Amino acid sequence: MKIAVIDYGIGNVRSVVNACERKSVAVQRVINGEELARYQPDKVILPGVGAIGAALGLVRERGFEDVLREMVIEGSTRYLGICVGMQMLAEDCEEFGSHRGLGWIGGVTRRLPAEDGFRVPHIGWNSIAVKTGAGPLLAPSDGRDFYFVHSYHLDCDQQAVTATISYGIDFVAAVSFGNVTGVQFHPEKSAEEGLGLIGRFLEEVPC
Numbered sequence: 000m001k002i003a004v005i006d007y008g009i010g011n012v013r014s015v016v017n018a019c020e021r022k023s024v025a026v027q028r029v030i031n032g033e034e035l036a037r038y039q040p041d042k043v044i045l046p047g048v049g050a051i052g053a054a055l056g057l058v059r060e061r062g063f064e065d066v067l068r069e070m071v072i073e074g075s076t077r078y079l080g081i082c083v084g085m086q087m088l089a090e091d092c093e094e095f096g097s098h099r100g101l102g103w104i105g106g107v108t109r110r111l112p113a114e115d116g117f118r119v120p121h122i123g124w125n126s127i128a129v130k131t132g133a134g135p136l137l138a139p140s141d142g143r144d145f146y147f148v149h150s151y152h153l154d155c156d157q158q159a160v161t162a163t164i165s166y167g168i169d170f171v172a173a174v175s176f177g178n179v180t181g182v183q184f185h186p187e188k189s190a191e192e193g194l195g196l197i198g199r200f201l202e203e204v205p206c
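Reading the sequence shown from the start, the letters are residues 0 to 206 in numbering that gives the first Met the number 0.
If you are wondering where the hints come from, they were derived from the structure by calculation, not from laboratory data.
Every value quoted in this text rests on a predicted model; they were computed, and no experiment measured them.
Certain hints may be false.
No more than 25 Å apart at the CA atoms, straight line, and that leaves these computed lysine to any residue pairs for SDA-like [claimed, not checked]:
1. Lys1 / Glu94
2. Lys188 / Asp144
3. Lys188 / Asp141
4. Lys1 / Gly195
5. Lys188 / Asn17
6. Lys130 / Glu60
7. Lys1 / Arg199
8. Lys1 / Lys130
9. Lys1 / Asp141
10. Lys1 / Ile30
Please take these sequences and the hints and turn them into a complete structure.
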């Protein structure tokens with residue numbers, strides 16, 4: 000099994016690599032699309048933090064977009080997008096202007112509304128509600144706490160939503176479709192619960 004972690008210049012890459020290694024799985028860090036295409040991984044993880052426009056710009060600048068689409072959407076490579084790595088799946092992303100997303104799923108990445116008593120950015124531990132039929136990757140996580148740090152959320156096709164969170168509003172905590180899984184929280188920073196999810200993704204557990 001070959002695992003690649005995409006390093007496009009920002010994101011918790013070291014934390015994700017450490018989490019994988021704690022599950023006794025070696026991973027390959029790749030810094031551009033050419034490296035990724037040459038490595039031909041079975042699974043790929045795209046972590047993310049910060050502004051989505053900058054993240055998308057670097058993903059494209061380093062040649063990842065077309066290679067990822069060919070591998071994941073047109074091929075059989077499994078994908079795990081973390082935080083911004085999930086948000087960029089949308090068609091459009093609203094942060095410091097409008098940005099074209101990867102377009103893998105119908106939807107828009109929007110700013111969290113400032114509700115009374117709920118600060119933005121959303122930072123901290125919150126439980127997620129896993130939908131019935133979400134599959135073994137997320138099913139053990141129903142009602143468990145994960146660590147969140149973000150100001151934007153993915154508003155997308157409900158058929159792809161596998162888990163939600165309530166923080167002022169109800170919004171998407173995880174999606175799954177085809178070879179793609181995305182999570183808004185940071186499993187690499189979510190102690191044993193997060194390590195368990197990463198471990199299930201690295202194993203032969205279907206989405």
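Unsatisfied constraints (hint numbers, rising): Structure breaks hints 1, 6, 8 and 9.
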